[in-house]
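J.: Here is how the chains run, residue by residue.
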Amino acid sequence: MGLFVAGLSHKNAPVALREQIAVEEDKLRELLRDLQGDAVLPEVVVLSTCNRVEVYGVADAPGEARTAAFRQLCRHRGLDLAAVEPLLYTHLDGDAVRHAFRVAASLDSMMIGEPQILGQVKDAFALAQACETVGPQLHTLFSQAFSVAKRVRSETEIARHAVSVSFAAVEMAKKIFAGLAGRAVLLVGAGKMSELAAKHLVEHGAFPIYVTNRTWARAQDLARALSGTAVPWDELPTALASVDIVITSTGASQPVVTCAGVARAMHGRRGRPLFFIDIAVPRDVEPGVDGLDGVYRYDIDDLKQVVEANLRERAREAQRAETLVEREVAKYLARQTDVEIIPTIVSLRARLEEIRRGEVQRALARLPDATPETRAAIDALSTAMINKILHAPVTKLRESSRAGASRSWLELVHELFGLGRRS
Amino acid sequence: MHPSLINPAVVGYICAMGLALAYLVQRHELVHRLSVLATLAGWAAHTVALIVRAVELGAPPLASLTDAISVGVWVIVLVELLVEQRSGVRVLRAFVLPVVVVLALKLTAAGRPASLAPVLAGAWIWIHIALAMVGFAAFVFNFAGAIMYLLQERQLKSKRPGAFWYRLPPLETLDRLTFRTLALGFPFLTVGLLLGAIWARTAWGSALTFDPLAFLSLVAWLIYAGTLAGRAAAGWHGRRAAYFAIVGFVALVLTLGAGLFLPGRHGS
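From first to last, the protein sequence lines stand for chains A and B.
One rule links them: number in this note's numbering = place in the first sequence (from 1) + 6.
One rule links them: number in this note's numbering = place in the second sequence (from 1) + 9.
Any given hint might turn out to be false.
In silico lysine-lysine, BS3-like type, Cα no more than 30 Å apart, as pairs [said to hold, decoys possible]: (1) B:Lys166 - A:Lys180; (2) B:Lys168 - A:Lys205; (3) B:Lys115 - A:Lys310; (4) B:Lys115 - A:Lys198.
By construction, these hints were calculated from the structure, which means they are not laboratory data.
Nothing here was measured: the structure is a model prediction, and the numbers come from that model.
Please work from the sequences and hints to get the whole structure.
T.: Here it is, written out as structure tokens:
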């Protein structure tokens, strides 16, 4: 029985094909049962997301099982298997384990480190469990994949830094302020992105929220939507002196926040820092405020630059994650190896021990005068012999198993020593 | 200081510093753990060295400047370990340990001090030195906080996140660190200096005879007093406070240097 994974992903298949082959949950239940019913695939999990469709399975003939699975997948969407097959990749045994770990840990994702994939893998596994298509091998594989994904998440910073502009703004705020709880936020003007940034800040504890707009009614609307307070437009200078974070996104052609205005506001702040997130184009905050002590101003390009730096940081962290995954794969395979060969070694040893006991008893029956020393010597001699005999085959089994070719050797040992059929 | 005993401690601190700096660049759990381990080992060796020294002297090892620096370093390392454990700010060691190493290297270089003049023995002197050293330890953290603040501030202003950006705590935390260490170190330094002056008056008859160390420590005290006043009265924060912390620390280091290398009443 061999472990395999076959499928297609954003790496090799165009979205036009991925969207056609993706399967919704109801259909997936049916499919899982059909696949298992064919007896080609005793264990199977199907992962279907917008970026990948993959079949994880355990089968005697992985190639055959793969074709059977994708024929089913194609049939239900009326696709031609011949068009899909050339795009499929297949990983066997150790490579399949590595692939499963990398996918769950979000190392194979389009956006490395994105958090959704782990949930999707968990859902796929839960669905297969509900359909009773998960056996011991896939169960071990997936539980291990989940724990590897968790380790990658906690031990590397692969998912730690923001990769969207609005989250980058929050991240910058957290580098200025020791925690965002109780920080006052002022929204100047309205816009999708500024609203989003404000929401992220609120999720991190920022409070209260003030909203100002040239049009009073719009300020009130937005204030209501964000559970904030509307502030009249001409009170902007006063508001600057009291809030901590200002998000600007007006459509004004001239800056609405000037250097002089900010310098005045800073007087009353006793050194408390002031953070401007300027999402507007043209910009709402004069870039000259950068020269003021304690004032931090990030415009849309600055935030994009932060996002790019974060992406580079993610790539670096991904390298560390890959090393971690590699170690876990090795551990997993070593454990699998033991699971595979230990029953054979145990029965082989038992068989030889049985022969040894019988022969020692017969020999001693013929030596009624043997002293305890003689008896002990015979016992030791025979034990040493079977240990010597066992040494070579056991070593060979270990080696072959580590090389992933234990099957024929195990059969051979069973045949040679008359151990009965392998289960 | 007994060289065979202080050397392992210094080696431990140097290893810890190297690993701490490596951790700043290449974030690897193992590197950090080894750094902590090296610090603990160095500190343990240092503790033994101090105990041996105390037994040798039959008194707290606080009577010569070299001994005092040794105790100061010992306090700094202990406080670093405690602060790091409590606050979880792992990068702090990368900024504190270099100072520790520079001071500790001085310990290995210094020969065994000659026995002290009898005038320099007694509880008053020990308290004078102990307080000054606790104050000094606080200002090492003040200095480290200021350096971290300026690095982080530059990164934030430049808008180009670099390696430090990801490692350093928020500006406000660093500003708070420099303020608290200043508020803690200043009273110790003040009382330490006052005791020294009182002692000088009883021992030599005048509190104000010129001594290079005493003079420079007064300069450092004035700088710190100014910073504290600026913070309290004018709401100085951030960059300005950080610059003053660095200037103050430079004055303190010069103070120690004067004590070690120039003739005077504090000479080792």
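J.: Please write out, lowest number first, the hints stated earlier that are contradicted by the structure.
T.: Of the numbered hints, 3 and 4 do not hold.
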